[in-house]
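K.L.:
For the protein sequence lines, the chains are A and B, in the order given.
Mapping of the first sequence onto the numbering used here: residues 1 to 246, in sequence order.
Mapping of the second sequence onto the numbering used here: residues 1001 to 1319, in sequence order.
Because the hints were derived from the structure by calculation, they are not lab data.
Ideal Cβ placement from N, Cα and C applies to all residues, glycine included.
The calculated DSS-like cross-link candidates involving lysine-lysine, where the alpha carbons are at most 30 angstroms apart (straight line), are:
#1 B:Lys1015 / A:Lys162
#2 B:Lys1316 / A:Lys244
#3 A:Lys28 / B:Lys1136
#4 A:Lys91 / B:Lys1136
Far from chain A by the CB rule (all over 12 angstroms, computed), these chain B residues:
#5 Gln1027
#6 Glu1035
#7 Val1061
#8 Gly1084
#9 Pro1159
#10 Val1162
#11 Gly1163
#12 Ser1172
#13 Lys1208
#14 Asn1212
#15 Trp1213
#16 Val1236
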Amino acid sequence: MKLLVCVSQTPDTTAKIKFTADNSQFDKNGVQFIMNPYDEWYALVRALELKEQVGGTVTLLHVGPKENEAVIRKGLAIGADNAIRIDAEAKSSLFVAKQIAEYAKTEGFDLLFFGKETIDYNGSEVPAMVSEYLDLPFVSYGIEMSVEGTTATVQRDIEGGKEVLTVDTPFVLSCAKGMAEQRIPNMRGIMMAKRKPIKVVPAVEAAVGAELVGYAYPPEKGDVKLIDADNMDELVQLLHNEAKVI
Amino acid sequence: MAVLVFAESLTGSIKKIAQEAVAYGYQAAQAMGTECIALTIGQADGAGDLGLYGAAKVYNVDASNDFDAQVYASILGQAANKFGADLIVFAHSSSGKSLAGRLAARFDAALVTAATSIPTVADGGLHISKGVFSGKAFATYALKTDKKVVTIAGNTFRPTEVGAAVAIESVSLDAATGRIKVKEVNTVTGAVPLPEAELVVSAGRGMKGPENWGIIEELAGTLGAATACSRPVADVHWRPHHEHVGQTGVAIRPTLYFAIGISGAIQHLAGVNQSKVIVVINKDPEAPFFKAADYGVVGDLFDVVPKLNAALAKFKANN
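Could you put the whole structure together from the sequences, leaning on the hints where they help?
P.N.:
Here's what the structure looks like:
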């Protein structure tokens, strides 16, 4: 099978989030970037497992400038066969989705893997957009998948439970926790990754969609009010009279 | 010109998230000087009541309730054109998110997901804000395309009665046969799905074992709250996977969140830090969760939780 895994990079989970003085841009200074965990742990690893089961190739795709190549190398070290970098700043989800779709439309991939969302903007937007641009079925929030021939059976998260469905390839899949287990690249993988090809593809013209106006910090949280363990009546009264939530 | 709201009814009836989407659509329509139209697909019990929350019209398309994003996006795309929708509103649910991106791509439209603000008219378009960086900041976007798409954060826009129930009108749109075959839908019946719950009682490793969850369920029962858990607890199957809140689980925004025996790792906070009020019960006064809490109780949960339950039961009996 010909498998595509789209990966994005995000600030590390523990990164301190700050903006430029006028709050118009995210301040990247001193921020450690990582491969988006959903893309790495679930989408990439599940694609590798599928390749191990049925054969084929796993291609990694990233939309971003050259300085993001560390993320691509990591994906290659984990086991992807080759990589595509579309040479453009990821201006918006719509822009990125168009780049991916333009590349993928003539490549004949059987399955396109994405993480369920990125941990910075939590939008869950790109895989849905790619599936629309390519007119493919979209299976979101997959937590388990088995593949027989060209038919996949996928279990997906829905509100308060699960749904089981079947779909034939090709389709777009977004992966949530449960789809696979994280793999740590070993030394051999890291060495091999240095020799694997990264093909650089120029970006196409694309709409940007929503335009960022600016950022704001959430209101400061006041100090915690501690209540004595033997005085739960007081806590109940505070929740009722002060917080007004019960 | 119109605001089109997809009022989802995947299990055959209209739930709170659809009412919230209509309430949002109504307020957006007020700001934009237009009207709010709700569209339902398949069986949608209770759809007429969407008029109460601001839908001027409620339409129904005769199609399967089995969700297929490709089919539903096609129906909604046709509806958006037919009704001249400038703004299309979805709940930020598993299906709403799957559709919003598709609609945005279909129209090359500006999209904001998990919006936390009602649109304001500005810059020849709309301004809408959302939480970013797992709740550590907010971003405001300008949407200037002809059609605009938004999903709205749950538990944020309260359905309030502004109108009267309306008759449902059927509308005929082309519903192509999809390629996805839904085999099974298993949802917890009777309970409020966690993302919709206003009150949530959540517990973690401090519980020491699944057999001790009785006190959590009692507390949730007294409050009328949903139960949730931290990642380690779901990982070892003490609690079902769908109860796991946090970065890799469900992100929730209840009005009241009880964190019991949960230390408050940053990945957990990412899923709950937009709760309105957080109460932390932990025997470790250094637990990081206290920094994110509004109210805290330092103590042994096996002692504190039954006392809290008794105090709440007394309060409920008197109010």
